[in-house]
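Asks: Sequences and hints are given; from them, build the entire structure.
One point on numbering: in the UniProt record's numbering, the residue at position 743 of the sequence shown is 743, and numbering is uninterrupted.
If you are wondering where the hints come from, they were derived from the structure by calculation, not from laboratory data. All values derive from a computational prediction rather than experimental measurement. Cβ atoms here follow ideal geometry from the backbone N, Cα and C, with glycine treated the same way. Please note: incorrect hints may appear among the correct ones.
[Said to hold, decoys possible] Computed spacing ranges between beta-carbons, pair by pair:
(1) THR449 with ALA163: 34 to 42 Å
(2) VAL88 with LEU468: 47 to 55 Å
(3) GLN629 with ARG396: 41 to 49 Å
(4) GLY346 with ASP253: 32 to 40 Å
(5) ASP566 with LEU468: 45 to 53 Å
(6) ASP253 with PRO119: 17 to 25 Å
(7) ALA316 with PRO633: 39 to 47 Å
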Amino acid sequence: MSRRAVAVRVEGIVQGVGFRPFVYGLATRLGLAGVVGNDERGVFIEVEGGSAPVEQFLAALAGDPPPLAVIERISTGPAPVTGRRTFVIAPSAACGDRRALVSPDVATCAACLRELTDPADRRHGYAFTNCTGCGPRFTIVRDVPYDRANTTMAGFRMCADCAREYHDPADRRFHAQPVCCPACGPRLRFAGPGNAGDPLARAVRLLRAGGVLAVKGLGGYHLAALAADEPAVAALRSRKHREDKPFAVMAGDLDEARRLCVVDPAEERLLTGPARPVVLLRRLPDAPVAPSVAPGNRWLGVLLPYTPLHHLLLRALGQPIVLTSGNVSDEPIAYRDEDALERLGGIADAFLTHDRPIHIRTDDSVVRVFRGRDLPIRRSRGYVPRPLALARAAPRPVLACGAELKHTFCLLKGDRAVVSHHIGDLENYETLRSFTEGVDHFRRLFDITPEVVAHDLHPEYLSTKWALDQDADLVGVQHHHAHIASCLADNGVAGPVAGVAFDGLGYGPDGTLWGGEFLVADLAGFERAGHLAPVPLPGGATAIRQPWRMAAAYLDLAYGGDVPEDLDVVRRNAERWAAVVALARRGGNALLNPPVTSSMGRLFDAVAAVAGVRDVITYEGQAAVEFEQLADPAVDEAYPCALAATGTRFTVPGVALVRAAAEDLRARVPRDVVAARFHNTVARVVADGCTLIRQARGLSTVALSGGVFQNLLLLGRAVTLLEERGFTVLTHHRVPPNDGGVSLGQAAVAAALDRA
1 MSRRAVAVRV
11 EGIVQGVGFR
21 PFVYGLATRL
31 GLAGVVGNDE
41 RGVFIEVEGG
51 SAPVEQFLAA
61 LAGDPPPLAV
71 IERISTGPAP
81 VTGRRTFVIA
91 PSAACGDRRA
101 LVSPDVATCA
111 ACLRELTDPA
121 DRRHGYAFTN
131 CTGCGPRFTI
141 VRDVPYDRAN
151 TTMAGFRMCA
161 DCAREYHDPA
171 DRRFHAQPVC
181 CPACGPRLRF
191 AGPGNAGDPL
201 ARAVRLLRAG
211 GVLAVKGLGG
221 YHLAALAADE
231 PAVAALRSRK
241 HREDKPFAVM
251 AGDLDEARRL
261 CVVDPAEERL
271 LTGPARPVVL
281 LRRLPDAPVA
291 PSVAPGNRWL
301 GVLLPYTPLH
311 HLLLRALGQP
321 IVLTSGNVSD
331 EPIAYRDEDA
341 LERLGGIADA
351 FLTHDRPIHI
361 RTDDSVVRVF
371 RGRDLPIRRS
381 RGYVPRPLAL
391 ARAAPRPVLA
401 CGAELKHTFC
411 LLKGDRAVVS
421 HHIGDLENYE
431 TLRSFTEGVD
441 HFRRLFDITP
451 EVVAHDLHPE
461 YLSTKWALDQ
471 DADLVGVQHH
481 HAHIASCLAD
491 NGVAGPVAGV
501 AFDGLGYGPD
511 GTLWGGEFLV
521 ADLAGFERAG
531 HLAPVPLPGG
541 ATAIRQPWRM
551 AAAYLDLAYG
561 GDVPEDLDVV
571 RRNAERWAAV
581 VALARRGGNA
591 LLNPPVTSSM
601 GRLFDAVAAV
611 AGVRDVITYE
621 GQAAVEFEQL
631 ADPAVDEAYP
641 CALAATGTRF
651 TVPGVALVRA
661 AAEDLRARVP
671 RDVVAARFHN
681 TVARVVADGC
691 TLIRQARGLS
701 TVALSGGVFQ
711 NLLLLGRAVT
721 LLEERGFTVL
731 THHRVPPNDG
741 GVSLGQAAVA
751 AALDRA
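Replies: In structure tokens, the structure reads:
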């Protein structure tokens, strides 16, 4: 029988996912000889044998890879027949062209869970059990190729039993780089009060006694308390300086999650999938959680255990826990042990930690479901650093520096965009350092030296200031253009489209603060077709923290200076009302000229304050979030709101919406009806604005982006109206619509301009 030899190159996420053992097993079952190994580009294979088995091998390689593998491309070519008789896994090699991708961290698999709970297994109760199908990846990787020596497991020498598994082709830990066991791997440690003993048992006792526990996870420290224990949760909230923002809850399993929330099939898929994000679910009225977990919120962020330690802790407790980022509000999550002890020592009563280092901090991902598809709110652990494929390759490598809030950065090389983990709000030295350290790590890990650096236009963003100091070609990208470009890249579309970008604030080319924008856009450029009519921003950033100020500015315009005194928002803020109105009439503050904004987020704030939802917020977007939850979804009426067209542009009279809502409230219309009518009106404004763009420009595809479109009530009604009018509607499903997706948009714009 004639022999044939083929050289194969596999690129994508093919390291750390059991790909070499899969290739070894496939080749040996087919009676083929050859070699498989890792290098900086991915996996290299040489396979030799009969022509038919070689064809079977190539077909299975592409059609039936390991579940965690993401194959981007397979290239093949002839190789010399050498007469090999065996198939081997070769040591990792250097090829000088670093294209290998790193897998995200993966939730504990079913096989490892069985070992964890089997008293006869040597890994019974071991908190660091893993295999080629699960466990830490991105958070422990220092460099590629993905070998143990290039991870934070390098300091743990395998015992004889683990080494035997590692070298046994029939074992599922064959070449599992983080393989370990109680005899040779990381160990738990409890630091806090109580008698000496098992760290896990001491942690359980502390939680049951009402304590707050710091837990070292995959990408950093979390703070935990029993979810049903109101004094414990209230203490955690007070110590963390997190007044109202909801906490996430970890449930022990899917049944426990269903006792807290309604879970549909798409949400179940997310909860139980390998990424294990926090999933925003509809809360059951009798959910057994303390009031302080998610005050006044009809949704609950729920996640299931994703490490053996979490499984052991939840099983021992037998009830859900709050599990929130280990930080003080506005700081990055703590991930280094000494730093965590210092920063969290005043919050946690004790620490459940371990001696496996975390190389890069990575917060939990947050996702909600829209029409059966993922709608990311925060894309981080479990998803990063999986690359996003773009429709067209970039001519030169790009670094996009992102925005300020919900910050991410993006590195783009060829057609691969790697969006970073969630950094946080880039407003202080700690988050800036997290950003710069992350950029350095990603550049080294993916061997990308940016020649183009994209940044936001806002001159005061720390990311912009950092970008301007870089030795590269600089590209300033308008904030809302980046939002629409992000949605285009998310959907593999180049445009042009009618783009609707609704958010809090973004710096406009005219020096004002935009945020209620209708754009005609493609990746290379945009034109402002319409926008919310600008209003003063009285007090600048103070007006963002105090929505009643936006209500004062809007109501003053709506009533021509004669605001009815029977409005509750006026009575509640009577002592300061006149001063803020005077400030609005003068222009708000001297930092901007003119200090006005077209922000849809600020319009939501204004109407929420008028409706008595909230005058002052404690976290970004709070008034709008609570206003959405107030709305009665059964109401389908809307307020009249005619768009004002001037030539080829139009404006949206937000003042008319505020007055209509105010008059309803004066007439004692229920607040939930007012909230619903407002949402319905904004949805109709979206459809009416896009219809005007179609009439003028012939565009029938709409892209919706910006943080306001995290509002499912608004998003759902806007999409329905647009589709009823014959539009194709693009929404986000791979990156967030909020500022966490801006860096992808910046990178896509920079690449398009570089191609021009």
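Asks: Give a verdict on every hint.
Replies: Right, here's what the structure says about each hint:
1. Between THR449 and ALA163 the C-beta distance comes to about 38 Å, which sits within the given range of 34 to 42 Å.
2. Distance hint check: the CB atoms of VAL88 and LEU468 are about 52 Å apart, consistent with the given range 47 to 55 Å.
3. Checked against the hint of 41 to 49 Å, the pair GLN629 and ARG396 passes, with Cβ atoms roughly 46 Å apart.
4. Here the CB-CB span from GLY346 to ASP253 is close to 33 Å, well matched to the stated 32 to 40 Å.
5. Separated by about 51 Å at the C-beta atoms, ASP566 and LEU468 satisfy the suggested range of 45 to 53 Å.
6. Checking the proposed 17 to 25 Å range against ASP253 and PRO119 shows it holds: the Cβ atoms sit about 20 Å from each other.
7. A C-beta distance of roughly 40 Å is found between ALA316 and PRO633, which places it inside the suggested range of 39 to 47 Å.
Comparing the model with each numbered hint stated earlier shows that all of them hold.
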